[in-house]
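Trainee: So you can see what is in the structure, the chains are spelled out below.
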Amino acid sequence: NAGVMQNPRHLVRRRGQEARLRCSPMKGHSHVYWYRQLPEEGLKFMVYLQKENIIDESGMPKERFSAEFPKEGPSILRIQQVVRGDSAAYFCASSPGGTQYFGPGTRLLVL
Amino acid sequence: GIQVEQSPPDLILQEGANSTLRCNFSDSVNNLQWFHQNPWGQLINLFYIPSGTKQNGRLSATTVATERYSLLYISSSQTTDSGVYFCAVNKGGGADGLTFGKGTHLIIQP
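Heads up: the sequence lines are chains A and B, in that order. Take the first sequence: its position 69, counted from the start at 1, is 109 in my numbering, and no numbers get skipped. Take the second sequence: its position 81, counted from the start at 1, is 374 in my numbering, and no numbers get skipped.
No lab work stands behind these hints: they were computed from the structure. These numbers come from a predicted model, not from an experiment. Cβ coordinates follow ideal geometry from the N, Cα and C atoms, glycine included. Heads up, some of the hints might be wrong.
[As the list claims (entries may be wrong)] A few chain A residues facing chain B, derived, Cβ under 10 Å:
1) PRO48
2) GLN77
3) PHE85
4) PRO101
5) LYS102
6) PHE105
7) GLY125
8) ALA133
9) TYR141
10) LEU149
[What the hints assert, rightly or not] Far from chain B, some chain A residues (derived; all Cβ distances over 12 Å):
11) VAL44
12) ASN47
13) ARG49
14) GLY56
15) ARG60
16) ARG62
17) GLY82
18) LYS84
19) GLN90
20) SER98
21) LYS111
22) PRO114
23) SER135
24) PRO136
25) ARG147
[As the list claims (entries may be wrong)] 27 Å max Cα-Cα, derived BS3-like pairs, lysine-lysine:
26) A/LYS102 with B/LYS347
27) A/LYS84 with A/LYS67
28) B/LYS395 with A/LYS67
29) B/LYS347 with A/LYS111
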């Protein structure tokens with residue numbers, strides 16, 4: 041059973057561009073989570089999704105950030121008009137309900 | 294929201310030493326996990342332990358839910374144990390997002 045997959049592993053964007061981060065959960069897992077780790081900080085919960093539904097987005101910035109988990113395909117975290125402060129590691133986790141398993145992360149660098 | 298405090302923040306040990314990492318949380322929890330973030334940034338699941346004691350090789354963990362703390366024990370440390378150890382909890386039905394502590398940065402010197 042393959043683990044949680046994220047791509048790209050590294051992403052470089054210029055200010056004002058869009059960033060799209062993808063996450064494929066482990067087989068059989070219906071719960072997907074996104075977390076952000078800013079430099080020198082711990083991990084912060086952003087959003088929790090199940091297929092076609094956002095369950096909890098209390099950790100998402102109000103503007104420029106959105107997430108989806110469509111019926112088919114990976115979960116997408118989208119950041120519009122990126123700014124330098126968005127530079128961070130973004131981790132996806134999946135769960136069958138209980139233990140959360142983390143992917144390798146996407147390192148986003150905004151120039 | 295729930296608060297998670299980890300101690301010590303930093304720990305430097307010689308190879309072969311034992312260590313105890315602590316995680317205190319401010320409210321009852323349904324899920325508690327320990328993770329190791331290695332120097333390459335990968336988050337490795339160590340334990341899912343909302344209560345009780347578990348062991349996996351040189352690592353073991355104990356959570357005393359009624360007293361709101363968990364301990365991670367590392368015995369006979371190896372240099373590959375270096376990294377940051379995170380404790381994370383959630384309070385909801387078990388499927389909620391995790392709240393992480395700030396971590397313990399462990400350095401094992403040869």
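Trainee: Compare the structure with each hint and give your call.
Mentor: Verification of the hints:
Checking A/PRO48 against chain B: minimum C-beta separation of about 14 Å lies over 10 Å; hint violated. A least Cβ separation of about 8 Å between A/GLN77 and chain B falls short of the 10 Å threshold, and the interface hint therefore holds. Because the closest C-beta pair between A/PHE85 and chain B is about 3 Å apart, less than 10 Å, the hint holds. For the restraint placing A/PRO101 at the interface with chain B, the shortest Cβ-Cβ distance is roughly 15 Å, beyond the 10 Å limit, so the hint is violated.
A hinted interface residue such as A/LYS102 counts as satisfied when its beta carbon comes closer than 10 Å to some beta carbon of chain B; here the least separation is about 17 Å, so the hint is violated. Taken as an interface hint, A/PHE105 does not check out: its beta carbon lies about 15 Å from the nearest beta carbon of chain B, beyond 10 Å. Proximity of A/GLY125 to chain B is violated relative to the hint, the smallest CB-CB distance being about 19 Å (cut-off 10 Å). For A/ALA133, the interface hint holds, the least distance from its beta-carbon to any beta-carbon of chain B being 8 Å, beneath 10 Å.
Using the Cβ-Cβ criterion of 10 Å, the hint placing A/TYR141 at the interface with chain B is satisfied: the shortest such distance is roughly 6 Å. Against a cut-off of 10 Å between C-beta atoms, the interface hint on A/LEU149 is violated, since the closest Cβ of chain B lies about 13 Å away. With a minimum CB-CB distance of about 10 Å to chain B, A/VAL44 fails to clear the 12 Å threshold, and the non-interface call is violated. The Cβ of A/ASN47 sits about 15 Å from the closest Cβ of chain B, beyond the 12 Å cut-off, so the non-interface label holds.
The claim that A/ARG49 lies off the interface is violated: its Cβ sits roughly 10 Å from the closest Cβ of chain B, which falls inside the 12 Å cut-off. Distance to chain B confirms A/GLY56 as a non-interface residue, since its nearest Cβ pair spans about 27 Å, more than 12 Å. No Cβ of chain B comes within 12 Å of the Cβ of A/ARG60; the nearest lies about 20 Å off, and the non-interface call holds. No Cβ of chain B approaches the Cβ of A/ARG62 within 12 Å, the least distance being about 18 Å, so the stated non-interface status holds.
Distance check on A/GLY82: its Cβ comes as close as 5 Å (rounded) to a Cβ of chain B, failing to clear the 12 Å threshold; non-interface status is violated. At the 12 Å boundary, the C-beta of A/LYS84 falls inside the reach of chain B, the nearest C-beta of that chain being 7 Å off. Non-interface call for A/GLN90 relative to chain B: violated, since the shortest CB-CB distance, roughly 9 Å, does not exceed 12 Å. In this structure A/SER98 is not separated from chain B by more than 12 Å, as the shortest Cβ-Cβ distance comes to only about 8 Å.
With a cut of 12 Å on Cβ distances, A/LYS111 stays outside the contact zone with chain B, its closest approach being about 19 Å. At the 12 Å boundary, the C-beta of A/PRO114 stays outside the reach of chain B, the nearest C-beta of that chain being 19 Å off. Not every C-beta of chain B lies more than 12 Å from that of A/SER135, the closest at about 7 Å, which undercuts listing it as non-interface. A Cβ of chain B approaches the Cβ of A/PRO136 within 12 Å, the least distance being about 9 Å, so the stated non-interface status is violated.
The claim that A/ARG147 lies off the interface is violated: its Cβ sits roughly 8 Å from the closest Cβ of chain B, which falls inside the 12 Å cut-off. A threshold of 27 Å between alpha carbons decides the hint, and for A/LYS102 with B/LYS347 the separation of about 40 Å lies outside it, so the pair is violated. Taking the CA atoms of A/LYS84 and A/LYS67, the gap is about 25 Å. The hint holds against a cut of 27 Å. For the suggested pair B/LYS395 and A/LYS67, the alpha carbons sit about 30 Å apart, so the restraint of at most 27 Å is broken.
Straight-line distance between C-alpha atoms of B/LYS347 and A/LYS111 comes to about 37 Å, which puts the hinted pair past the 27 Å bound.
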